[in-house]
Amino acid sequence: MTQRSRNLLLLAPAGAWFLVMLVIPLTVVLIFSFGERGAAGGYVPAFTLDQYANLPARWAAFKNTLILAPAGTLASLLIAYPLAYYLAVRADPRWKTVLLVLVIVPFWTSILIRSYAWIFLLGGRGIPALLAAIGIEDVRLINTPFAVLIGIVYGYLPLMVFPIFVNLDRLDKRLLEASSDLGASPWRTFLQVTLPMSLPGIATGCLLVFILLMGEFLIPAILGGGKVFFVGNALVDLFLQSRNWAFGSAVAATLVILMLVTVTAYMRLIRRLGAQREDVALM
Amino acid sequence: MNKAAYAPPPSKATLGPIAELRNVSKRFGDILAADGLDLSIMSGEFLSFLGPSGCGKTTALRILAGFEAPTTGEVLLDGEIVNDLDPFRRPVNMVFQHYALFPHLTVAQNIGYGLRQRRPRPPRDEIERKVKTALEIVRLEGFEDRRIWEMSGGQQQRVALARAIVNEPKLLLLDEPMAALDRKLRKEMQIELQNIQRRLGMTFILVTHDQEEALSMSDRICIMRDGRIVQTGTPRELYDQPRNRYVAGFVGTSNFFDGVVESVAADQAQVSVKGGIVLAGRAISPVAVGQEVSVSVRPEQIRLERANAADRPGWPVTILNRIFLGEHTEYLVKHESLGEFMVLTPRQAELSDGPFNAGERLMALWEAGGALVLKQD
Ligand SMILES: Nc1ncnc2c1ncn2[C@@H]1O[C@H](COP(=O)(O)OP(=O)(O)O)[C@@H](O)[C@H]1O
Ligand SMILES: [Mg+2]
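Line order of the protein sequences matches chains A and B.
When we follow my numbering, the leftmost residue of the first sequence carries the number 1, and every step to the right adds one.
When we follow my numbering, the leftmost residue of the second sequence carries the number 1001, and every step to the right adds one.
Do not rely on the hints blindly, as some may be mistaken.
[What the hints assert, rightly or not] Each computed DSSO-like pair below joins lysine-lysine, with the alpha-carbon atoms no more than 30 angstroms apart:
(1) B:1170 to A:173
(2) B:1184 to B:1132
(3) B:1130 to A:173
To be clear, the hints were calculated from the coordinates, so they are not data collected in a lab.
Take the sequences, apply the hints, and build the full model.
What follows is the structure in C-alpha cells.
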C-alpha cells in the first residue's frame, strides 16, 4: 500500500462526511438562493438575483450578528483568560481536574434550560429588582443586547477556557522563572512571556466561539425576546415561519460568505502576529 | 581562602564574600533538600557544587537565585541579607538546566531580554551592541535572527550562557549546563566556559554531578550529599585530603579497604582489614582505636612489579584485566585476601618493566604515604 493510498484512506471518512453534510447542502442552498418563493411558500426554480437584492430587509439581523458575535467572543476571552490562567498556573495541581470539571458542569443541562434561568435572573424580579433595592431604579436587562451578551458569555465560556487552559498548562513554567531571573516583574513576565506564548490557545478559542456565534439563534431568541435577533433567527423565521426558502437561502449563503471572509482575515492576522513562530505557524 | 589566588576580581572589588549562605536549610514536606548549608563565595571565584542527583545542588542554586526561600538560615549577597528579595530584583543570573530559552523570541531577543527589563531601559543601540558582544563571546556571531528551535543543543547552550552574562551579574549560576551535550562538545564548552569566566572576572557557581568537570574547571568545589556540604576545598585539597570515604570516592577514583583501627600514633594509623592483614596509612582526620574506617589507595599510587623484582614487602596479585588508556594502562588485579583493586600504571613504567599480561602473577606495592585512613562518614 503506498503512502498516497494510505493518506486517502485516512481522509475518506471525513471526506465522505464533508460531502454529504456540507458540500451537498451548501450547493442546494446556493441553487435555492437564485430561485423564487412559491405561492404557498417553498421553492420554485428560477434564476434571479431578486433574493440578494432583498437582503437589506434583514440588515438588522446581520448588524446584530456582526457586532455581537465579535463582542461576545471578546467578552468570553476577557473572562475565560484569567480563569484558564488560574486553573493552569496557580491552582493546586490536586484540584485542577476537579475545578476543570466544574467549568463544564453547566454543559450537563441543555443550553435551552440554562438560558431560561437567565430570563428570570435578568427579568424584572431578578437583578433589576436587586438593583432597585439599593436605589438604582428602572434598569432593563432582559431583551437587550446586553442580555444576549451575558447569555453568550455564559454559554460559550467553557469553549474558550479549554484551549487556553491546555495551552497555558503546557507552558514551560521554567520560562517564567527565566524571565523573572532576567529581571522582569511578574506583570512584565505575563506580558512578555505568558501572553505571547498563549496566543495559539487564544486563537483557537476565539475561532471556535466566533464561528459558533455567527450561527447562533437560541440565545438571542430567548434572551433577546425578538428584539435582538441574529441571522440565525432570521433563518428560522424565513424557513419555518414564512416558508420563504429562496430568500432564506440567500441570507444563509450570505452568512456563509461573511464567515469565510472574516475567518480568513482572522487567520491571516494570527499568522502575522505569530509570524515565524513554530507553535503558531503550525495552526 | 586567599582571594589573590583567584582570577582578577571585577573592577568594583568587594572586600567580603560576594555571596554567603549561613546555616541555610530548605524543607520540602518530608524532604530536607538543603541541610545547614554554610558557604562563602568569593568575588571572581569559580565554585562548583558536586554531588549525585537529588543531593540538593539545584535547590542550593535556586535559593541563591531567589526561587526558593530558605526554611531557616540567611542568604547574603554583597553583605546584605536577601532572604525576602524577589528573584527579579537580585543581581544574579542563572543558566537553567534545560536552558529555558524563550521559543517565541529570536536568539538576539533572547539575549537582550535581561537588558530590556532594566529601568531606565537602556537605549536600543546599547542593547544591540551588548547583545553583539555577548554573541561574540559565545562565538555565535551571525545567529542573531535565528529561532531557538533552529539551533542545535550546543548552540542553545551558548545562547543561554550569553543571555545570562550579557547582564554582567554579580553571580552567575549554572545548573548542569553541559549535561545535555555529547562528550566532545562538553569538553570544548568546559574549556570555553572557563576562559569566559577568567576573561570576564565574573563569579560562577556551577552545579554538576560530573567530577571530572568539577575538578577541571573549579577554583573550589563543594562536595554535597543528602542536602549537606560534606567538604569544601580546592580540587587538590579534596583529592589529597578527602575528609571521608565519600569525598575520596567522588573526587577521582580510589581503592577502599574497609577495616578497624588497631593502633594510632600521631596521624599514622594501623588498620586491620580482611584476612588478618594490617594496612598502614595516614589519618586525614583523627580516628580512634576500634573505629571502622577505610584505607584508601589511589590506583596511580600503586606500582606493579614482576614478582622476582625486589625483596620489598608487597602484595602478591593476579592480573584479571588490562585496559590500555594511552598514557596509562589500567589493571584490575586480585589479591587473595584484599580482593580486587585497580592499578593505574604510567606508560613510562610499562616501557621498562611491562607490559603485564592478564593472568600474570605480580607484586603490588605502594608507599606508606600513599595510603589514607578515612572515616566512613
Ligand atoms: N519543589 C520541590 N518540591 C518537593 N521536593 C523537591 C522540590 N525540589 C527539590 N525537591 C527534592 O529535594 C531534593 C534535592 O533536589 P535537587 O536540589 O533538585 O537535587 P539535585 O539538583 O542535586 O539533583 C530531591 O529529593 C528532590 O526530590
Ligand atoms: Mg539538579
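Status of each hint after checking the structure:
1. B:1170 to A:173: holds (25 angstroms)
2. B:1184 to B:1132: holds (27 angstroms)
3. B:1130 to A:173: Satisfied, since the Cα-Cα distance of roughly 27 angstroms is no more than 30 angstroms.
When held up to the earlier numbered hints, the structure conflicts with none and fits them all.
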